[in-house]
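A.B. asks: Below are the chains, spelled out letter by letter.
Protein chains: 2
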Amino acid sequence: MKKFLNNVDTLLDESLSGFAKAHADIVRLNSQPRYVKRVALGKQGKVALISGGGSGHEPLHVGFVGAGMLDAACPGQIFTSPTPDQMLAAAQTVEQGSGVLFIVKNYAGDVMNFEIAGEMLDCPNMTVLVDDDVSLPKTHSVGRRGVAGTLIVEKIVGAAAESGADLASCKALGDKVNLATASMGVALSSCTVPALGKPTFGLTENEMEMGVGIHGEHGRETQKLSSAAEIVEHIAAEIHAELNPQRGQRVLLHINGFGATPLMELYLIYELAEQFWQKRGLNITRSLVGNYTTSLDMAGCSITLSLMDDELMRLWDAPVHTAALRWGC
Amino acid sequence: MKKFLNNVDTLLDESLSGFAKAHADIVRLNSQPRYVKRVALGKQGKVALISGGGSGHEPLHVGFVGAGMLDAACPGQIFTSPTPDQMLAAAQTVEQGSGVLFIVKNYAGDVMNFEIAGEMLDCPNMTVLVDDDVSLPKTHSVGRRGVAGTLIVEKIVGAAAESGADLASCKALGDKVNLATASMGVALSSCTVPALGKPTFGLTENEMEMGVGIHGEHGRETQKLSSAAEIVEHIAAEIHAELNPQRGQRVLLHINGFGATPLMELYLIYELAEQFWQKRGLNITRSLVGNYTTSLDMAGCSITLSLMDDELMRLWDAPVHTAALRWGC
Chain E
231 MKKFLNNVDT
241 LLDESLSGFA
251 KAHADIVRLN
261 SQPRYVKRVA
271 LGKQGKVALI
281 SGGGSGHEPL
291 HVGFVGAGML
301 DAACPGQIFT
311 SPTPDQMLAA
321 AQTVEQGSGV
331 LFIVKNYAGD
341 VMNFEIAGEM
351 LDCPNMTVLV
361 DDDVSLPKTH
371 SVGRRGVAGT
381 LIVEKIVGAA
391 AESGADLASC
401 KALGDKVNLA
411 TASMGVALSS
421 CTVPALGKPT
431 FGLTENEMEM
441 GVGIHGEHGR
451 ETQKLSSAAE
461 IVEHIAAEIH
471 AELNPQRGQR
481 VLLHINGFGA
491 TPLMELYLIY
501 ELAEQFWQKR
511 GLNITRSLVG
521 NYTTSLDMAG
531 CSITLSLMDD
541 ELMRLWDAPV
551 HTAALRWGC
Chain C
231 MKKFLNNVDT
241 LLDESLSGFA
251 KAHADIVRLN
261 SQPRYVKRVA
271 LGKQGKVALI
281 SGGGSGHEPL
291 HVGFVGAGML
301 DAACPGQIFT
311 SPTPDQMLAA
321 AQTVEQGSGV
331 LFIVKNYAGD
341 VMNFEIAGEM
351 LDCPNMTVLV
361 DDDVSLPKTH
371 SVGRRGVAGT
381 LIVEKIVGAA
391 AESGADLASC
401 KALGDKVNLA
411 TASMGVALSS
421 CTVPALGKPT
431 FGLTENEMEM
441 GVGIHGEHGR
451 ETQKLSSAAE
461 IVEHIAAEIH
471 AELNPQRGQR
481 VLLHINGFGA
491 TPLMELYLIY
501 ELAEQFWQKR
511 GLNITRSLVG
521 NYTTSLDMAG
531 CSITLSLMDD
541 ELMRLWDAPV
551 HTAALRWGC
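Chains as they are written, first to last, in our numbering: chain E, 231 to 559; chain C, 231 to 559.
Chain E with its partners taken away, still in its complex shape (with noise of 0.2 Å):
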């Protein structure tokens, strides 16, 4: 294993630290229980909104706490839960009167210790869950794995909870776009967990994982390598199957680096998955290219996109200020 470390022990909590201190201007580390949450909160009876999940995939989430988007984000140990109290602390802190949202990726953990969170808070709270991972099918037994659309779900709810949508508008528009959108990914390496110091999964030269979650499991199926071409030809045709989008539907395409595959390679994915859209009369009206929903030093992507309407388009392109997703202010 090969990374900059100084104790695996210690690597969360010195990494928060440097990210609370290159971002002082914009969010607050809090330790015990850890969440970062917004220098300034918004308007007075604003509804709260808290993210979170395992650490290993950022800037996912705590990159994307700020004005538009996040009230605070709360990170479990790599690839691990965060428990309550953290849920519970932050939520302590940011909740307005307004009442709490939790947008939640659908694994097991997230899911329990949330609605722990949540039962145990005394003010109204709701949750969004994102499963938009098109890998599995929607009959399988824990459901859906949510991905890189979470950011997506994050932004436009973001944008509606700033400018005074009530809980119960902002959990129906994240369940809104989160049915609109769909995901799926492809690795061409395994991630290495610190604490377990080789790769969870190995693959030849000449292999990639097909359908792959950000944990480092397993994906789909094992593959052989093929063209840019090629893969990309096969995840957006299960994208498309899935959406059923019409002609002219306008979209927003979202090409994620998993943290180890350049920018360079991902443009190449956007042009091929463009050419994809293009040819079935889409409208592709916004984009995103970048590593945001990461595995740690995974070599990979995963392609998203998302049915767009007035509404959708204009909370997109609302301002925000995070570390990660910064606009319009």
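Treat the hints with care, as some may be off.
Same chains, same names: a pair is fine if it fits in one copy or spans any two.
Below are the DSS-like pairs computed for lysine-lysine, each with C-alpha atoms no more than 25 Å apart in a straight line [stated by the list, open to error]:
id : residue 1 : residue 2
1  : Lys368    : Lys406
2  : Lys233    : Lys454
3  : Lys509    : Lys251
4  : Lys251    : Lys454
5  : Lys233    : Lys273
6  : Lys428    : Lys232
7  : Lys428    : Lys233
8  : Lys454    : Lys428
9  : Lys233    : Lys251
10 : Lys273    : Lys454
FYI, nobody ran anything at the bench for these hints, they're computed from the structure.
Could you slot chain C onto chain E? The hints should help.
C.D. replies: Chain C in isolation, oriented as in the chain E frame:
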């Protein structure tokens, strides 16, 4: 070699095409010869800023084209200088009567080709040479390399040009920022140039390359892999000795990833560098952490420190709207 790829020969053009489509609100791509320019040029009479160099360092430089930064960037093949016809065509398109400033990283091929372009160009033009890499001694035969400090020069001079500074002022400002900036890098792995198909240097599991550049060349020394704290101590001490800042000096601290190093590790490096300079009484007033000046899929990072004053702070904070840096507009 495991990369997302169709064909080594078409990779750059496919990727640039994707880049231009993903950021069609900001840039336009010209294919023959290759350059990327701003969609909306600045005010009439603005000095034109043009940079460029070998590809493989994305988002540098194409990701810095836009309002408040570069007017155009000329990408060469991977790790290969662009040719004078590219700079010439770009300059003729974006020049507005007040001359052209070239911002050039100090590599022999880049220096020669920008110089030829300058001679062929029938308008006033000057060049800022960036040589911020303190891994090499000042007396090195071809001088020091230009690395991650280049974006700081481009951002600050870009803001000045946008606000109407003339050619000589932009040139003087660029030289000033370059002199006030020092960088040094370390690699945990080599990169793999697609046309070569294998890593350009080898490192064992216990080795790192100290004082490395951004082209897969060997660094100053192959060292035994040490802790993040020791690595930062080593690099920061070299930078500190070079710039010799006084206590209370305001600085910008930039931690740059080379492409395959996760944000979690980059923020750990930030934390350690921040501690190093806090102890020495510096005032870290601005920060930038992420993959900005990359070396394809190399794992590693560099630390850059820039001495700031009121003028540089104001220009750093000025609005910028590019694919990779965006704030205030």
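A.B. asks: Hint by hint, say whether it matches the structure.
C.D. replies: Verification of the hints:
1. Lys368 / Lys406: Classified as within: same-chain Cα gap 17 Å, cross-chain 59 Å, threshold 25 Å.
2. Lys233 / Lys454: Only across copies: lysine 233 and lysine 454 sit 13 Å apart there, 28 Å inside one copy, limit 25 Å.
3. Lys509 / Lys251: Between copies only: 15 Å across, 46 Å inside.
4. Lys251 / Lys454: neither (44 Å within a copy, 30 Å between copies)
5. Lys233 / Lys273: Close neither inside one copy (41 Å) nor across copies (46 Å); limit 25 Å.
6. Lys428 / Lys232: Cα proximity of lysine 428 and lysine 232: in one copy and across copies (9 Å, 19 Å).
7. Lys428 / Lys233: both (11 Å within a copy, 21 Å between copies)
8. Lys454 / Lys428: Both: 23 Å inside a chain and 19 Å across chains, each within 25 Å.
9. Lys233 / Lys251: within (21 Å within a copy, 35 Å between copies)
10. Lys273 / Lys454: neither (53 Å within a copy, 53 Å between copies)
The structure fails to meet hints 4, 5 and 10 from the earlier list, while all remaining hints are met.
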